[in-house]
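Throw the hints in and build the complete structure from the sequences for me.
Residues per chain are reported as follows:
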Amino acid sequence: MPAPRSLFDKVWDSHVIVARDEGPSLIYIDRDMIHEGSFHAFADLRRRGLAVRRPRQVFGTADHYAPTGGRRIADARTPEVGDVIRRFDDNMRWSGVRHFGLDDPRQGIVHVIGPELGITQPGLTIVCSDSHTSTQGALGALAFGVGQSENALVMATQALWQAKPKTLRITVEGRLGAGVTAKDLILAIIAKIGAGGAGGHAIEYAGPVIRAMSIEERLTVCNMSIEAAARCGMVAPDDTTFEYLHGRPFAPAGQQWEQALAYWRTLPGDDGAAFDREVAIDASAIEPMVTWGTSPEDAMPIGGAVPDPATLPDAQRRAAAEQALAYMGLRPGQPLEGLAIDRVFIGSCTNSRIEDLRAAAAVLDGRRAQVPVMIVPGSTAVKRQAEAEGLDRVFRAAGAEWLESGCSMCVAMNGDTVAPGERCASTSNRNFVGRQGPGARTHLMSPAMAAAAAVTGRLTDLRRLATGGRA
Amino acid sequence: MTPFVRETAIAAPLPGINTDTDQIIPARFMKRDRSEGYGRYLFHDLRFDAEGGKRPEFVLNRPEFRDARILVAGRNFGCGSSRESAVYALADFGIRAVLAPGFGDIFHANALKNGLLPVALPEDLVEALRERLAAGPAREVTVDLEAQRVTLPDGSRHGFTIDAFWRDCLLQGVDELGMTLGYLPQIEEFERRALRERPWTDMGSE
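Chains as they are written, first to last, in the numbering used here: chain A, 1 to 471; chain B, 1 to 206.
Among the hints, a few may not be true.
With a straight-line Cα cutoff of 20 Å, these simulated EDC-like cross-link-like pairs (lysine to aspartate or glutamate) come out [claimed, not checked]:
1. A:166 - A:21
2. B:31 - A:83
3. B:54 - B:67
4. A:192 - A:287
5. A:164 - B:168
6. B:31 - A:44
7. A:166 - A:13
8. A:10 - B:191
9. B:31 - A:75
10. A:192 - A:308
11. A:10 - A:271
12. B:31 - A:80
13. B:31 - A:89
14. A:164 - B:163
15. A:10 - B:197
16. A:164 - B:176
Which stretches of chain B does chain A cover? Using the computed rule of at least three CB atoms under 8 Å from a CB of chain A, they are [unchecked claim]:
17. 105-112
18. 126-133
Since the hints were derived computationally from the structure, they do not count as laboratory data.
Backbone N, C-alpha and C fix where the C-beta goes; we use that ideal spot for every residue, glycine too.
In structure tokens, the structure reads:
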């Protein structure tokens, strides 16, 4: 009898073109998703006189440099930013790749539109020159980030040299409490295993808490796998996945839907499949989380206090924490709750989908923001849906800016930045030094927690607000 | 790709752990063509203050490390964003090898495509080396890819492992894309079979 295989094993095995006993194998890549940063890869192809080998397997969208103030290149904050978008449009025309440009109703953050358009499917291998490609594993795809050299290689050959990663299963038992979200779960996981904790591993998220999650929640969990250094994050496809995909524009239809569905049902791991590592998480013990430092592993419950670096177990972490506290303008022992903030950003491939916006709107409804708030939907379709539900009116009434979709202030490439020294409550994925702009101080949290921070002007336990406020 | 065989050079100890690619090159410097050179952006906000002046305390601004071509860094170096510009910046600045206890996955892959050698060494060895390099005066390190060995300023030698496939690519300066084009017959054969078994994955060829 063949050995039981995990979800990862099955997807990997079905894509090996040339197997080698050690080191990298040549694997087939079903989909490449590209954005404006791909100009390096196109320069490489043009220099070599190569074309995109199968342009219909490649999908392009403008997100990293997309202006959030309007949908024309002229809306870009600087001419240089506009030039990057213009060059992308040129490369899309040159290559024949499907192109969701600024004014296309299908435009959006690449990891938001992949699932939304049904481009992301169970059992596919997907790459994108963006580290948060791990997001797309939420539908049972093997999806990971690559650089521009590998992007060029995939566009030219549809293949990639990859060493097979080890496997790590994270089983989440119990139940998430009221006000505790997928974002809090993944921050708690990273705090537990560390920013390098899943290095060299493909993560599979399993257990009843993951099973009970919507696709959007699973996308949030898988999104931040890379913040624990994982190669990718995956969730076994189930009826939730299939119902989500059915009828989406690039999902299979008719006879092919039935054929795909039969195949997708074979993908979940076999009983007894072996993992190189196992981690168990008790969801019931998790509280709303915020970060205090400059690595996503620096996360703790909102009721916690800034740690004293002297109490940390190793010298390297002590030194890093001292640096982080100096950068963040925090003192050891300072309570996180009540810390005054300067602005709020709600958006990014982590938390910009419709469920995220509904969660933020539920908190903002009937309240006023005390600090500037930017709300950037993950895609143009999410924006339209939010408007159809009247969420935009809630946001505007609360004093928030309601903007066009893109990566915006998560990565600060389009010129949407946090000013030096400003403290930002952000639903994004990285609190790195200077990530949201030089000198920016980022605290990561869920959309509901960011909205709570907006209405009090301080880091706030959302659960306290819910009992004290009108919600 | 520039081949890497062996390199003897001053090694600079970069402080910290989890040095992310946003530190190596901030996102606002990634709009230009590679041909313009990315070296000036390397560690930009660590090397320069807000007015563009050099921060004298930053390791690569210190006179004793001006000629460094090897970097010694803490665990999880190059984590975060997939930006290959981080590798462009290191390579264009003249860095040939980074020694660290471990690397971000995508950074590691990007380095291999650009002739920048990532050398994984035990953490205690890296920490002792960072201290020794900071103290000086001996600061020369040899990284020998052919022998898979580093020689430290105290003369001690330590082996390291690297997959034979990537080692050969680096030693010979193999162009990975050009080499992979040689596999097109296998890729086409695989594709025909895979698309027959999973026809819904085919998005058409128009």
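Results for each hint:
no.: 1; hint: A:166 - A:21; result: 15 Å, holds
no.: 2; hint: B:31 - A:83; result: 9 Å, holds
no.: 3; hint: B:54 - B:67; result: 16 Å, holds
no.: 4; hint: A:192 - A:287; result: 14 Å, holds
no.: 5; hint: A:164 - B:168; result: 19 Å, holds
no.: 6; hint: B:31 - A:44; result: 16 Å, holds
no.: 7; hint: A:166 - A:13; result: 14 Å, holds
no.: 8; hint: A:10 - B:191; result: 17 Å, holds
no.: 9; hint: B:31 - A:75; result: 17 Å, holds
no.: 10; hint: A:192 - A:308; result: 18 Å, holds
no.: 11; hint: A:10 - A:271; result: 13 Å, holds
no.: 12; hint: B:31 - A:80; result: 7 Å, holds
no.: 13; hint: B:31 - A:89; result: 15 Å, holds
no.: 14; hint: A:164 - B:163; result: 12 Å, holds
no.: 15; hint: A:10 - B:197; result: 14 Å, holds
no.: 16; hint: A:164 - B:176; result: 18 Å, holds
no.: 17; hint: 105-112; result: holds (count 4)
no.: 18; hint: 126-133; result: violated (count 1)
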